[in-house]
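Asker: Residue numbers (the working numbering), protein chains in the order written: chain A, 1 to 725; chain B, 1001 to 1188.
If you are wondering where the hints come from, they were derived from the structure by calculation, not from laboratory data. There is no bait here: all hints are sound.
Derived pair list, reagent style DSS-like, types lysine-lysine, alpha-carbon separation capped at 27 Å:
#, chain 1, residue 1, chain 2, residue 2
1, A, K266, B, K1103
2, B, K1103, A, K143
3, B, K1155, B, K1135
4, A, K212, B, K1103
5, A, K696, A, K630
6, A, K212, A, K143
7, B, K1155, A, K266
8, B, K1135, B, K1146
9, B, K1135, B, K1043
10, A, K696, A, K617
Covered by chain A, per the in silico footprint, the following chain B stretches (three or more residues, Cβ under 8 Å):
#, region
11, 1058-1064
12, 1088-1102
13, 1107-1118
14, 1121-1132
15, 1164-1171
Predicted, not measured: the structure shown is a model, and the values here were computed from it. No residue lacks a Cβ here, since even glycine has one placed at the ideal position from N, Cα and C.
Below, each chain spelled out in residue letters.
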Amino acid sequence: MARRTLRPPLTLSIIALFLAILVSLHLMSTATQDASELGEMYSSLVLTNGLASLILLGLVGANIYWLSRQLKKKAAGSNLTSRMIFLFSLLSLAPASIVFYYSVQFLDRSVDSWFDVNVDQAMDDALELGQTALDERMRNLLKETEQIAQQLSTSPISLLGVRLGELNENEDADLTLFSRQGQIIGFNGSNTETMTPNLPEIGIMVQVRQGKPYIGLETIGHDGLQIRAVVSLIGEDAIFLQAIYRIPRQLAQLTDSVQAAYQHYKELTFLRRSLKFTFTLTLSLILLLSLLAAVWAAFLSIRRIVEPVRLLAIGTRAIAEGDYEKRLPVKDRGELGFLVESFNTMTDKIAQARDEAQQSKWVVERQRAYLETVLASLSSAVLSLDAELRVLTANQSANHILHADFEQYIGWPLAVLCGAYPHIAELMGQLELSIKSEVPSWKMELTLNSPAGRQELFCRGSSLYGNDDHYEGLVLIIDDVTALIQAQRSTAWSEVARRLAHEIKNPLTPIQLSAERLRHKLAKTLEGPDLDVLEKSTRTIVQQVEAMKTMVNAFGEYAKPSIIQLRPLGINPLLEEVVALYPPNAGLHFTLQLDPHLPDVLGDPVKLRQVIHNLIKNAAEAMPQGQSGKMTIKTAFGVSFGTGNIELRLSDDGPGIAPDQAERIFEPYVTSKTKGTGLGLAIVRRIIEELGGQIKLDTAYRHGASFIITLPLAQPPTHMNDEQR
Amino acid sequence: MRSKRLILLWLILLHGVLAPRAWSSPYGIFITSAAVMDAGDIKTLSADIDYRFNPSAINALEEGIPLTLLISLKIRDPQRLWFQQPIVEDQRHIQLRYQPLAKSFQVADLGSGAVQNFASLATVLDTLSRLRGWKFMGQYALEKNKTYEAMLRFKLDIESLPLPLRLVAYLSPEWHLDSEPYQWRVEP
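With the hints as constraints, model all of the structure from the sequences given.
Answerer: Written as structure tokens, this is what we have:
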């Protein structure tokens, strides 16, 4: 603002400049007129205007240079400025040039029209007439002077002065006698204005000395004329006579007037070309100065006019580059100023809208992150499908529960996923009707044979609807309830075992005691076949009670909560230790495939030994009578769902387990064998679960039975090398 | 680099316009000698001058254009600084004009008004080439037994020419008839 107040307004400067130029040009124009008093100033005016033109030329040149730099840089508004300047210059140059051309033409013709051949001739004639009139008079006067000289030449030198007075009776001439050295010998005349007679100049004297008399016309004062005649006295070479005759006033005035007119005309004729040149130069200077001033003023004002446009271009560029904070200064209150103000308002609005959009985007992102976190931490598998059954989202648990890598198939149709994973195809086959029904929500329990074994799944489906209640797909929520159902079953069995122990074991002892007492009392009284019957019956009762006791004890064992002492231990030495207890004739041949680099597991060695014994025993008992079998024990490092564990696999080549039993093989009293309590595998599973591990039957194994036990590591692995993976 | 060359070009052009004497010209006024004479109580200036008018100037004179010669004399004390006023500063304006009726030339001293008539230009120039007995003004300020520096200049006064001829004369080098300043020592 301070800078603005220091500078005078543009329009005022331009008006001042034009006034200065106008005054200077007017002065110059007035000076060109002959009669003007400013004539003396003409040269300095031309110089001033020429310098002003040079300065303006410099200014215009600097502006053109600036504009060309701007154009080269492709600066905003430079194109518009150059076009406007070009147009303006053209518009001002065209009429000015036309006026200039015709003015020069007119000037040329006007100056030429002053001169005429007739006038020229008349002037010459007038002068000649005057000269002729005077020549006649001069010839007579010369003759008269020569006569006087002749008369004087007969007189002695001493009487010359007197004789001179006698001869000049009429006193119409000033007669002077003078020697070669300029010494005056005698004078007679009426002219007393000068004390000393006016002697002829040296050129005349040279002529007279050569014997040629001189007669000449001379101007005196402004309009006076006199005739000077100089002759030498005959015989007296050293003495000269000068006679000055006055021309009558009227004649003098007339001839002088003719001479003045002739002189003026001659001067004009001589100056004809110079005059044209001067006028043309003045005119050119006026044109040049006005044009340069106009162009310079055009530069100044157009730059000012274009300024808002330039600012707008800069602002628009800034916005295009994403700078919404750009504010343009409003210098003008006119239409362009309004445009700049509107631009600022628009930028404000855009910045505001951008902030709001960013805010809402941030909120959406946050909600999305929240949802993703919730979904990721959910234990249920969550799958969303669109109306065309393309996979939209799937959480981590979906991968875990359904044993598939859903992330690879996001955006792909479900059919592709089913092609890659047969068990998912089986699942979707079961869900097909519900999915296609498009009902708002449904639920279903189903069993799936996945690579991890048999899975009990609980599926729920919810349809998704758009704004206009248009069906857009569905969300599938799948829970793996296998463990839950198994836990429910084992809890039920534990309860049964506890009840059995309590309800059955208690009456067994009195039954056994009563039977023994019966035999003891009656054995003495009975004999023969009755005694045999008694013996047989009581023995049977006691044997069966013993059997029931064993069974109930086993149940008790199963139902009893065990005491477990966990500690880190190496699984490989433990296996070798257990296997060593079975001699080659025990009916089983062992093949150990043990990974030597396994870390320790967390477990109770006693319980683990019991598990391995149970499984080996189970395999041995499953073998057909009298046949020996093979058992392969394999340990490996396994990874499941991000945590490392030890995988222990025990496979035999026995008859295997029937598919219909596979599901319930770990439940009590599920057995394919004739011997045993049917609790072996149930106990194994309970121990493994108590140790924090898992056991499952590998249903895919076709050469016999194969159990897979996974056991947790003593320490979570901090680094796993590629080999371990 | 380009702007420097441009400035140089401008300077050359400007010098050409402002100093036409730079062009060599055979015409001009040449002072061959000058001296301050003691004539009793007063001092007079005498000088010999060679006039070589260009044909245009002579033509102009014959066509009725008066030519004015400006004779300026400056006598300064060398002990004074250069920007101080000279002790003597006098000027004479001598006008040459042609009289077509009498077919003669006139020499007029515009200061005193004295007029002399001559039958030919040659006698005019012959007379003018001997400047004698100029009783210049301010001579009483000169002190005896002191040395001064005198400077005499002759020039054709272009500003006295008719207006249309002035620009032509300024722009044409042959019209620049100014003499070189003639300097000598004066001991009154």
